[in-house]
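J.: So the chains spell out like this:
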Amino acid sequence: MADEPVHAAAVDRPGRHWPLRMLSAVVLVVLGGAVVASCVTTQNVIRHQERLILQERTGEAAAVLGSAFAGVQDSLQLLGRIAGTGHGDPKLFARAARSVLGPGQGLLVTTQRGASMRVTATAGTAPAIGQAIPDAQAQLGRRALSTAGMVSGLAQQGARRWLYLALGGGAGPGTVVWWEAPLSQAITIEASPGSPFGYLDIAVYLSARPDPSTLVAATTKHLPLGGLQYPFRVGHDTWLLVTASTFPLVGSLVKDTPWIILVMGGLAVALIVTVVEAQGRKRDYAAAQVREKTASLQTAVAELQTAQAQLVRQEKLAAVGQLASTVGHELRNPLAVITNALYLLEVAAGENDMMRRHLATAKRETSAATLIVSELLDYSAGREPMLTPVQVADLVSEALSVVPPPAGVQVTGHSDPELFVTADRDQLRQALLNLITNGYEAMPDGGTLTVSATSAGDAAQITVTDTGLGMSDETRQNIFTPFFTAKARGIGLGLAVTKRVVEAHGGTITVESTPSAGSSFTITVPAAALASVAQ
Amino acid sequence: MSPFAVLVVDDEPGMRDTLAAILEYHGYRVALAADGETAFTAVQSESFDVVVMDVKMPGRDGVSVLQEMGDPPPQVILMTAYALEDRLRAAVDAKAFAIVHKPFETGRLLSLVCDASQASR
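In order, the protein sequences belong to chains A and B. So the first sequence is residues 0 to 534, counted in numbering that gives the first Met the number 0. So the second sequence is residues 0 to 120, counted in numbering that gives the first Met the number 0.
Read the hints as simulated data drawn from the structure, not as lab findings.
If the Cβ cut is set under 8 Å, some of the chain A residues that face chain B in the computed set are: (1) H328; (2) R331; (3) N332; (4) L334; (5) A335; (6) V336; (7) T338; (8) N339; (9) A340; (10) Y342; (11) L343; (12) V346; (13) T369.
Just so we're clear, the structure is a prediction, and the values are computed from it rather than from any experiment. Glycine is no exception: its CB is placed at the ideal position from the N, C-alpha and C atoms.
Throw the hints in and build the complete structure from the sequences for me.
T.: If you want it as structure tokens, here you go:
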């Protein structure tokens, strides 16, 4: 559990960092899509409605225009009858025509005479009686004669275009009754704001198609209009009404509704996504906090367990130490008595070789027992180091002089005479002695013990290397454990004491070993006081 | 010249007997005491050149006897199986001739007793 990474959250994964969470992104896409769809649908509905209204209005306009031209046809029929029954009295026709003529307009009656058509009655701006009408007009006249109902047409007369409405046979066979009006160059009709169709742009064509050459009138110069095309009948011909609205027919508010939906919906979506995102982040943060707290709790529990285990171990070791101390002290008295007794026996033995030999064995074993007792007491007497400046080279030679090398063992090495440490001299010497003694014992067949002391940065390093038996990995791993020993003799406290002393000085001890090649112990003690001593 | 008088004080009979035998073998006149009180009385009533005394004994201990010895005191060699507390160490260092830790080499004790004897006269 403790090995599990503290931050396993997606937010801490390396790689691309998305600005939104998945949930927020989905909400954004769904709601945003809904808003856009609503906007588009509303716009389509409004367009459809707009078109329906435009169609309705255009129909009405076409009906108005159609009825106006029907009125003209009726007037032409009436005037034709007046001209036909007046027996060539043009004054009667002129008087009747005056009531329906607008300014610049003309009314006339023509009669087919051979190839040409000549004026037989006239009113307004129309040509005089007896004149032949121009060919383009005559062509329309012939169409009127062959058609039932009013026909219409445009013709260029000099600088002006004229609109003609012609009713064939209106004043008798071979006659045509005409209404003519000039179309100004500027054909734009000003629609008054109050008129019923004031909000429409209108173009009227004298044909079924919006052909510019057949344009009769328009309310705008911006042609062609992109609006609705509405064909309607004028007499016999089909005219075209093209309309476009200049103002939303459904109302400006309704027209803007899709954009209002889009903006308001967009704002609502942004708000919702912000809330969702904030909630998501809050939740992630809370989850991360929980994970962090859980991890730190687990760490604390693990530390507590380690501390507890250490405490138990320390308590065990303390109990063992207490036992060692008591037993050690209690053994000292009997050992002293035995030593004395052996002395007396040696005196009594005189020259008896056999007795002297056995006594020597007893003395040797007593010494071994004494050494064990000393080890026990050294281990149990662990105390805080009493620090003084210690010259390391001096300490090394003192330790070497305490235990002379056994036969066959050479001692070598170099110690830097300038090297000082702040240490408890007695404790450090004991630590070193243990290493030296171990080195000797590891070389029963002789070898070389190398003791060197060098400066390593702000620490002193003392290395004790032997060319002896070496150790297995298992032995090396347990070598500093109290009461662990690989030797036939000894209770396994020497290196434990050494380690404790070194660590009490804030130092470390390491060991390297190769079976059958030897071992090397390195003590590193911080030479914190090195500078002050050197000064 | 009369032999040097040595008082051996130890609550352990084995230690008393073996030390007495060794010292007598080397020509010393030896008296024995099994506790501090007896040793103190003996020192008051009789003159000894050297006292070889254990520190830890039931009742009065060796350091206490050492501190209250009359004037001139005999040369005292203390024996101990324990480390001395710091406060006692100073007193012992001031008044005792030597202190030996059990178990000791017999030869070393003999050498100390010899030196102490020479110093007492």
